[in-house]
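Trainee: Hints are included, so try docking the two chains, each in its own frame, into the full complex.
Protein sequences appear in the order of chains A and B.
Under this note's numbering, the letters of the first sequence match residues 1 to 353, in that order.
Under this note's numbering, the letters of the second sequence match residues 354 to 417, in that order.
Treat the hints as calculated values from the structure; they're not laboratory data.
Since this is a predicted model, take the numbers as computed values, not measurements.
We treat Cβ as the ideally placed atom computed from N, Cα and C, and that holds for glycine.
Heads up, some of the hints might be wrong.
Ranges between beta-carbon positions, derived for each pair [claimed, not checked]:
(1) A/Thr21 to B/Ala364: 29 to 37 Å
(2) A/Glu150 to B/Tyr388: 55 to 63 Å
(3) B/Leu371 to A/Gln71: 56 to 64 Å
(4) B/Leu396 to A/Gly229: 31 to 39 Å
(5) B/Arg372 to A/Leu220: 44 to 52 Å
(6) B/Gly405 to A/Ala181: 17 to 25 Å
(7) A/Val32 to B/Glu366: 30 to 38 Å
(8) B/Val403 to A/Pro182: 20 to 28 Å
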Amino acid sequence: MADRLGVRRVGAAEPQVRSVTQVGTVFVLQIVATAAALLFGVDVVFLAYFPTFPRLADNFSSAYLERQMRQLAGAHPIVVLGDSVLWGYRVSAAEAAVTRLRSRDPRWVNLAYEGGSSANTYAMLRILGNAGVVPHAVVFNVNLKEFNGEDSAYDKLYPGVERLAWPLLSPAERAKLVPVAPQTFDSRLNAVVEAIWPFYAMRADEREALFSEQDAAHALQNKIEAWNGTAARKAEAHRPTPDKFEGTYDLSPLDEENTGVFFLRRAAQALRDAHVLAYAILTPTNHRLLHEYIDVPEYRAQLRFIRRLLSSYGVRVLDYDRAFSPGEFLDNDHLTPAGNARLAEMLGREVAP
Amino acid sequence: MDDRDVVVPGAVEVRTALRLDPLYRLAGSALTSPYVLGAVLALLAVAAIVFGPSTESRFIYTDF
Numbered sequence: 001m002a003d004r005l006g007v008r009r010v011g012a013a014e015p016q017v018r019s020v021t022q023v024g025t026v027f028v029l030q031i032v033a034t035a036a037a038l039l040f041g042v043d044v045v046f047l048a049y050f051p052t053f054p055r056l057a058d059n060f061s062s063a064y065l066e067r068q069m070r071q072l073a074g075a076h077p078i079v080v081l082g083d084s085v086l087w088g089y090r091v092s093a094a095e096a097a098v099t100r101l102r103s104r105d106p107r108w109v110n111l112a113y114e115g116g117s118s119a120n121t122y123a124m125l126r127i128l129g130n131a132g133v134v135p136h137a138v139v140f141n142v143n144l145k146e147f148n149g150e151d152s153a154y155d156k157l158y159p160g161v162e163r164l165a166w167p168l169l170s171p172a173e174r175a176k177l178v179p180v181a182p183q184t185f186d187s188r189l190n191a192v193v194e195a196i197w198p199f200y201a202m203r204a205d206e207r208e209a210l211f212s213e214q215d216a217a218h219a220l221q222n223k224i225e226a227w228n229g230t231a232a233r234k235a236e237a238h239r240p241t242p243d244k245f246e247g248t249y250d251l252s253p254l255d256e257e258n259t260g261v262f263f264l265r266r267a268a269q270a271l272r273d274a275h276v277l278a279y280a281i282l283t284p285t286n287h288r289l290l291h292e293y294i295d296v297p298e299y300r301a302q303l304r305f306i307r308r309l310l311s312s313y314g315v316r317v318l319d320y321d322r323a324f325s326p327g328e329f330l331d332n333d334h335l336t337p338a339g340n341a342r343l344a345e346m347l348g349r350e351v352a353p
Numbered sequence: 354m355d356d357r358d359v360v361v362p363g364a365v366e367v368r369t370a371l372r373l374d375p376l377y378r379l380a381g382s383a384l385t386s387p388y389v390l391g392a393v394l395a396l397l398a399v400a401a402i403v404f405g406p407s408t409e410s411r412f413i414y415t416d417f
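Bound conformation, chain B alone (with noise of 0.2 Å):
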């Protein structure tokens, strides 16, 4: 801060301001590490494969 700075009374700082956002600290949370997330992408490859409609090359048997 310096002499140009004008200080209204009951005012916040940006970075105080940012820290009370839901999305800030949902970013900023344990939830979001880089862990999780790759542990969620896992999540995600395993339960397509598995639950994923049968798109390979079948042979069509018929028997009458």
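If we strip away everything but chain A, and leave its shape as in the complex, we get (with noise of 0.2 Å):
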């Protein structure tokens, strides 16, 4: 009307101009949102292509922990738990126990984990209950050094599993426990970051994926190491003698103040209520390397105790103690890759014919 008229509207033609502010506001949120787009798209592809692991990472995060149990819900696993005895320490995970079952028989997964005790397996069972996993069977070793008040996995949960199970726990249980996550501002932002970022949130796992080591640093010492025959000599240094055990097994009766047996009678009890079959393995022991400590009435009376405990919920209890021979033996408890292949046969034959 105005323009028909001839009449030309004041500033209509005016170019608008924008403030440096405003420019610059404009290219941050635009730098920021590519960004943002491309970290979500970086998330998406590493969730659905990330490999579930053989066994638990040598450093797993309790987000791969949860994504696993997504995995397992709704399967009939046959979960075996424990410590570095079944999670295969110092032999690859091809030459674990449990790995060379898996490969028979996919139903086998291995949630072992190098610092396991009862109160771990505990833990465990608690969260693969909370997640919905209903398991097949649950096969657990139960190792008398990790009922020792000096162990340091008797009242403590490796920090992945404390962070998932703590808020299962009772206030009886958390009572027992020593937590391990730090309670600083540092670990509370990880922790809010983690929850909106899953590739943050399995960083250790991706780190280990990556360069079988707990970060690229370390990978990088250990090549050093290699070459210039430092590991060689640590592995020398590091030969198990028997002095090296002294202390290890505390062969005290046993009795329901100590934090593996309440966590023990905790983990049968939970078993039976769920109806899950289940077979307590008493740790494969080397008695030649062992013999002074442990071939005393006291260390017979405590597997006798363990026996009995588990015996009365209904777990099959393998003992496995004087099962292999020293030769099978890495060290007083962890089996060579031969020793994992017998284990794997015994646990075959008597779990999952």
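Mentor: Right, dumping it as structure tokens:
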């Protein structure tokens, strides 16, 4: 109308001028939005293609464990819980007993880890239950050294397990444990970022997948040490001799005050209540190496106590304490590749023939 | 330009001079588009996570 009358609107054709601040803000927002979109894409691809390891990584995260729980929900796996003996300490993942069993029957799942104990086994059972995983059977090992108050896993949960299990534990159960997660601003901030960013939450697993070590720096250090002979010297100094195991076992009579016994009973009870087939392995032990410490009546009394406790809840006890020859051990309880192969045969016959 | 401006033969306008400056040309190139800078930022974030040091709380397992 105004145009038809030949009247020009003042300012209508003047170019829109934006301030430097506005231009800068838009520029920065475009950068952030682009980065966020790409990182979201990385997350989607990562979650779809990140592998499931044959056993938990050396330094697995709670996010990885949660992911594996989601994968197991609905399946009826044969779940293996416990410590480094079943995890396969100092043997490759392919040589570990459970991986051998899994190659024949994919229902076998290795959820054992270094630093396992009765408390950790119970915590894992709670996590499995909370995730809706109904196992066909649960196999776990009971290692007498972990009933010693001096053992690093006696009353502590692995950090990734603690994070998932802590809210599921009763006050009485928590009171028996020493929490390991730091309560710092840094750890809280990490938890917030991990909750919204899976790629960040599983960084420990990614690094282990890429470098077979906890990080790139350690992987590089290992290469250098292998090259300059330091690794060979360290291995030589780390040879197991009887004196190194003094104090490993506390042979005082076991009772309900013992945190290991407390959680072993809870685990057996939980398995009975869930009507899950349960097998407890009395951990293979190198009696030749540990002869002066454990070939005594007190050690046998502890084994009897454990066997009786487990049997009273219907847990089938597989007594492998003396089932392996000294040549099948790397140290006091960890098995060689040949030892792992025989363990796999024995478990296969007992649990899933 | 008005009649108070002094014209010096061989001189260039400030606008033209700026366009010849390498930094100005970089700032105006596709390399500094927000999309490229966003991609670089995302790449740096991923690299920092993958190659960064392990500082997570780790259970220290000791065999003997």
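Trainee: Confirm or reject each hint.
Mentor: A quick look at each hint next to the structure:
no. : hint                             : in the structure
1   : A/Thr21 to B/Ala364: 29 to 37 Å  : 33 Å, holds
2   : A/Glu150 to B/Tyr388: 55 to 63 Å : 58 Å, holds
3   : B/Leu371 to A/Gln71: 56 to 64 Å  : 59 Å, holds
4   : B/Leu396 to A/Gly229: 31 to 39 Å : 38 Å, holds
5   : B/Arg372 to A/Leu220: 44 to 52 Å : 46 Å, holds
6   : B/Gly405 to A/Ala181: 17 to 25 Å : 20 Å, holds
7   : A/Val32 to B/Glu366: 30 to 38 Å  : 36 Å, holds
8   : B/Val403 to A/Pro182: 20 to 28 Å : 23 Å, holds
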